[in-house]
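There are 6 protein chains.
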Amino acid sequence: MERQYVIDLKEGARLKQVFLCKHKNLPVDRNGRPYLTLTLADRTGSVDALLWEEAERQARGFTESDLVHVAGKAVLFQGRLQLHLTEIRKAEDCPLPATEFLAASRVDPGQELDELVTLLGTVEDPALTDLIRVLLDDAELMEALRQGPAARTIHHAYPGGLLEHTLSVMRLADVICANYGQVLNRDYCVVGAFLHDLGKVRELAVSQGIHYTDEGRLLGHLTLGLQLLDRAMAEAGTADDAAMHLRHILLAHHGKLEHGSPKRPKTLEAFVVHRADELDSALTSMKEILEQSSANGWTAYQALFDRYLFRGPKKS
Amino acid sequence: MERQYVIDLKEGARLKQVFLCKHKNLPVDRNGRPYLTLTLADRTGSVDALLWEEAERQARGFTESDLVHVAGKAVLFQGRLQLHLTEIRKAEDCPLPATEFLAASRVDPGQELDELVTLLGTVEDPALTDLIRVLLDDAELMEALRQGPAARTIHHAYPGGLLEHTLSVMRLADVICANYGQVLNRDYCVVGAFLHDLGKVRELAVSQGIHYTDEGRLLGHLTLGLQLLDRAMAEAGTADDAAMHLRHILLAHHGKLEHGSPKRPKTLEAFVVHRADELDSALTSMKEILEQSSANGWTAYQALFDRYLFRGPKKS
Amino acid sequence: MERQYVIDLKEGARLKQVFLCKHKNLPVDRNGRPYLTLTLADRTGSVDALLWEEAERQARGFTESDLVHVAGKAVLFQGRLQLHLTEIRKAEDCPLPATEFLAASRVDPGQELDELVTLLGTVEDPALTDLIRVLLDDAELMEALRQGPAARTIHHAYPGGLLEHTLSVMRLADVICANYGQVLNRDYCVVGAFLHDLGKVRELAVSQGIHYTDEGRLLGHLTLGLQLLDRAMAEAGTADDAAMHLRHILLAHHGKLEHGSPKRPKTLEAFVVHRADELDSALTSMKEILEQSSANGWTAYQALFDRYLFRGPKKS
Amino acid sequence: MERQYVIDLKEGARLKQVFLCKHKNLPVDRNGRPYLTLTLADRTGSVDALLWEEAERQARGFTESDLVHVAGKAVLFQGRLQLHLTEIRKAEDCPLPATEFLAASRVDPGQELDELVTLLGTVEDPALTDLIRVLLDDAELMEALRQGPAARTIHHAYPGGLLEHTLSVMRLADVICANYGQVLNRDYCVVGAFLHDLGKVRELAVSQGIHYTDEGRLLGHLTLGLQLLDRAMAEAGTADDAAMHLRHILLAHHGKLEHGSPKRPKTLEAFVVHRADELDSALTSMKEILEQSSANGWTAYQALFDRYLFRGPKKS
Amino acid sequence: MERQYVIDLKEGARLKQVFLCKHKNLPVDRNGRPYLTLTLADRTGSVDALLWEEAERQARGFTESDLVHVAGKAVLFQGRLQLHLTEIRKAEDCPLPATEFLAASRVDPGQELDELVTLLGTVEDPALTDLIRVLLDDAELMEALRQGPAARTIHHAYPGGLLEHTLSVMRLADVICANYGQVLNRDYCVVGAFLHDLGKVRELAVSQGIHYTDEGRLLGHLTLGLQLLDRAMAEAGTADDAAMHLRHILLAHHGKLEHGSPKRPKTLEAFVVHRADELDSALTSMKEILEQSSANGWTAYQALFDRYLFRGPKKS
Amino acid sequence: MERQYVIDLKEGARLKQVFLCKHKNLPVDRNGRPYLTLTLADRTGSVDALLWEEAERQARGFTESDLVHVAGKAVLFQGRLQLHLTEIRKAEDCPLPATEFLAASRVDPGQELDELVTLLGTVEDPALTDLIRVLLDDAELMEALRQGPAARTIHHAYPGGLLEHTLSVMRLADVICANYGQVLNRDYCVVGAFLHDLGKVRELAVSQGIHYTDEGRLLGHLTLGLQLLDRAMAEAGTADDAAMHLRHILLAHHGKLEHGSPKRPKTLEAFVVHRADELDSALTSMKEILEQSSANGWTAYQALFDRYLFRGPKKS
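Chains as they are written, first to last, in our numbering: chain A, 18 to 333; chain B, 18 to 333; chain C, 18 to 333; chain D, 18 to 333; chain E, 18 to 333; chain F, 18 to 333.
Worth flagging that the hints you see were computed from the coordinates, not collected in a lab. Here the structure is a predicted model, which is why all the values come from computation and not from measurement. Idealized CB from N, CA, C, for every residue including glycine. Treat the hints with caution; some may be incorrect.
What the hints assert, rightly or not - Part of the chain B face toward chain F, derived, beta carbon under 10 Å:
| hint | residue |
| --- | --- |
| 1 | N313 |
| 2 | G314 |
| 3 | W315 |
| 4 | Y325 |
| 5 | F327 |
All chains, please: the whole structure from these sequences, using the hints.
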């Protein structure tokens, strides 16, 4: 039986295949008998599922974040498809790559990486060009950047999200520099934007969902990014003064102590990278949220922004 | 005797002419005799001055913010020029324009106004083009925008500053829109940026210094700007929905309640105008502050940013 | 069958009539079959209801905030009445007025309006009496004030609540003025209290529940109230100075920027109106909350006040 | 030579008499010679004074807050009277009462005390009337209330200020109760208002200026007031429940933890006393500040309110 | 049938005995029939229970915090034991002491009390030794200290917890003093630590759970502790200066106004007691939380500390 | 002429020698003539000085923080010694060590270093002992620790202060561990305390006063300390898990994001080091401040603690 993606499921379809189990519950009915409620996912979306037969025994065989092999069929319930399962077990040796089960970027990472390299190619300061070469030549790092998410939830929380966000911040830094001319050192702004979130390749791990690593939780991506940068600068032989400025941009990019930056931006370039990062994060989150606004134009309450958002004026 | 600008004063020069009196003090020496210490200004800068003869009597004749007619000479003291005066009195009928005594913009307002009109000319939404025409046709308003300061102190605090700041925010809104494509309604972002600080033409008055008006202090430029906008929209016949969105952008542009916006940005467009405004204000203030940094690259403590600022990396 | 109010329901009563549907849920039992749980309301209160037959099909026919026609009977369950329904559908052409389905004020609005007019009649300043006349002559506005709620939830959240609150704030402003004699301008305090929440007639809409309007959420009742006031002052020919003071009182009545006032009170009169408003809102909320305190005198935790409240000392 | 009050000083007058020394400085001129600058006060106001002869020796003989005997004359300087002294020494055995040297209340304390007693006389609850009698019979306490200041600086900071403030809060509590009828227990509001600041008779000491006592600084007037109240309640035999409510009103009257109340108001009565106290303090401070506003109606920046204040609308 | 402790329950065991009912719910199944879900507890732990027969009738007979007599058996469900009951009723005359139903301290209170007395015995200042004797001689107070909890929830929330916490704070104060030598007055630190939470014997009541008393909620343990201390100092004849310092330590031990101290620590000794208290509370809470960390070393989110906690480095 | 220390100066003494110039001002008298006011310091204290002859010319020759060669004499003025100078010039080749001009520690650094080494010698975990050896063997680092200050101002702001503070925090961590037994990993607490402020050897530079380095201001001692630690751990071959825990303790020791820690303490050991650091800093600052309290026991207002401090109870 061919594998079916969540996005392609039809009412009445029967399936025997693997999904990622995102949520699992074992509530109990009035006779003290448990049944399973599940959320199953692949890279195209997620679907609710239920299982009543031998629920307790079957529930023992897997946990959340496992890949699971299920058998059942798709039924229409309250206008939405759900799966009624007869069987579920841990998928021990799933040959499919982990990315089959995670939300995916909607843009082409190859094209984005090209644009990123092109932007870095416009940097003229020789104190930075060697460092750029060392970083771009680190194939493992570049692959991690290309595959990495920028967050566990909220915005850019999917493989490729880190690259998308990094590139967008670089573009914003670039156009802001254009507006202020000689006032800003464009080279440092662009390279700083490139560097700012690199530490996320060690803060977040992707494997059947996106998780924080232990060092991610205890040290954070600013510190981890600094270690990556230090190693690359040692290899590139970056001069002390340039090194100090780049470290400061990276450390200060959260903008405020209470947002986890141990130092606040004290140079114009650190300030620009901080604000470009903040702007891209906020606008991308808002955009995603507004895609789920109601017919009346309003979203539900958004704790992230402590407000309701409203779809803005229509294009004429 | 020809009038001499502060910037052109030479040691030993004698002068009899008008300045703006910015500060005036009448301290007393140990014999109980007062003497006058003053700060005098024209549009090119300011200079300290002292007067010992009949200080008390002469001090009665004017107050701070008066134009004063002085006689004296320039002497070098501790490496800086100061004026030793023999005479000072209020300049009752000074034929010079007020702008002779205020700091001036370094850019050409005519050219800036052209760029602003050109940017507004790219707006396509017919719901907005009528409004734009009404506002641009209001010669008095356009002159006030061209002459107005954007603040009493800090950034853009000189005639022409309002136009400089408005144009810069419009440019930033424009390039941010370019980065996010169809997600943002560019027309509303650009027009919102144009409108956001218009109320300052009634909040601030220029006459021998920049002052807040009473209604500026009691109502603020958001409310005053809304009244200007309402009048123009009534004349242009702006549709209710467009009117509501523009009013929201204007009201929300301070971004937070505690910064004086009665509503926070709830549309993407209001958010973009807010962040573009904030970015231009901060970068312009920092730039001006950094021009006064010490030889070691650091500025004095800046209460506005609650930090010391550092001259960033040098251009290679 | 005669219509029965919630407050009059008896165990065993059968009914076929219209209610407002305030909440609607469609949970599912272990066989995958949904059932409906509802909260139904009229102006005397609300009651829970359940429906099992063809729950999914019937649920499609209406949404929350609809008027619904139901058939069923009242049963006693755990000491409280609930409705067991067999049928529910949207009530398309309900001839009853919307106020039949909303909580109602316990005081007589006619008598309150009389007292309000009487209080305004004591204002002596000719700069204000013309304005008062214009506002009282605006029949539509006065009707909106009389019918309007002062909030969507919490205190005075029912038709007539706006008038109740407005009058109470006027009374408090009046007695506070009496305590401080010539220090305060009583006329401005009383008129300011009258004006302070008028914008709520456009911020809130009543129709099967109380809802915020779009302009209410994007602009707020301070800005909307200012527009009402501006129009009335234009008609009354109010002098600029008086207009500025009244606008300030209205804008500043929330007292703090973070509560949505773009300017904080800077005159004694604006301060008095702010504090009278705050006092009436808090005391009325607390009073309503304390009516639901437990036998031991304590209420549940109140997020609004971030505390538990206690019934105070008994009257001797 | 008859004693002259500050308020009655005339240019050229010679005087030999006692003042309170509020400020004392010993600056030095360029020859390394010190001279004395002083602020001298009596109950009608204060005046600047200077002394050049043997300034250092004479300065050794007294400190700030001493009563000093001076000889000198009044001269007009910069439009204001100042004293030029030839002699100054500590006034060891000044026969005048301390109140001769402190700012005085403008109202009649006897009349105020009568009104306070009358208000307490309207209390009906027998659980409170015994306590009232015990307190009113404590002649020492009543005298301290009558003589005491309500603060060291800011509002009511003069002998009699405590009585003025206490009475005003009682009046406000009374009229607020009248507006809310049976909702509030008026007896507890009025008695609570009477009690709320009693502890200030031990927190502040008057002797050549107003000072905090050590226990005032380490324990505060809430705790000290509670001790006074506990003693009186023990004598009056106040019932436990009434005692608990009164203690709560007293402890909670600052309204917030961060303002020094260990518990926030949890009964309506505690809330009313808190708000009445806050209102009287704020309005009285603002009134005093506004008396010093400039010709343009604005005061200087007021750190207490974090704003500039504006004289409100004129009485017609 | 012998009574069985929760900790000793075995699958299949039948029991007829008394528990404390900590939580009680009466949800309803799809046929409108309620069933009971309960949490039952004794001093060794707690267990979930269900009851289906005549649930509504049986539920009427008791409320949360009652001791209940139950009949049923223990079944294994989802790997955990739960009780399926057939009968539940209020246990009217349970002969067992209340402590049988509360979590218990793991340390020996007798031994702790000995250590506390020994520590107090090292105090040398005669101004304090009389007071110590009065307090230790108050058998009722000492018994309340020995039996009392230090909190309703969180750390030390069991009989004996107050003694544990008090002793630990005394020990910390002692070793901190040792590190700073003559700088600190060790006697006041040790006695202050002993006194700091004594008021909790009146703030909290133990009877089938730990509850706040009314005076606990309206006055708090700082104020109640001060009353205990005042009485003991009156009996011991403590000198005014010593009394003031002890009162200050007690009042200030929460460290900040917003944590409920009406005065912040102003002496070194008050500061030390505050920090020792804070340290013991935090470490004890964290220790208890970490005992429930997952296999990966992390706990669930802890609102008390606004973070996730991690089991630290293992002992080598 | 033999060099005289500030602490030994006598009235009338003449001196020709070197001091550190801490403050320099050039005010002007009424004839427009400047004079110099100075604060001069050596390691025993500081003294005010004045110079009138050719003040402007002499002032050109040096700036604040210079070592200066002066000639003059000590005079008694207002009960305090001051220097009246006739000559001042920059001391170009002063043979004295910089420490001659800085406040000095009152304790013996050699003895302290011994105690620190002894404490580290009690660490048993082999994962840490190698690292300890590497650090103790780094002679340059140990010398920097021994010579370094712990702050630029406030507490421990003198050479040796870093060692004093580090040792005190280690001692506190040690005794806290003793109170909680097996709950805490004592080895990590002691080593973490040793490491916590090591980065200050690069954040602060001593040379005629204590100054922040550029990297100190842009990166901070947490980041700089982490780099030192990383290098030592690489050399010692510290295992990943131990490395992660030590890094976390170091990064988290400021306790809160807003105090500059990019991560807050998430292990008990990180929490203990944070609190021990905080306690030592606060107590040492308070102790120093209290040494300057007035006769009445109170200090001046202390912005650092936002309060006045009071000398606590006297030792009996």
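Against the structure, the hints:
no., hint, verdict
1, N313, "8 Å, holds"
2, G314, "7 Å, holds"
3, W315, "7 Å, holds"
4, Y325, "7 Å, holds"
5, F327, "7 Å, holds"
Hint compliance for this structure: no hint is broken.
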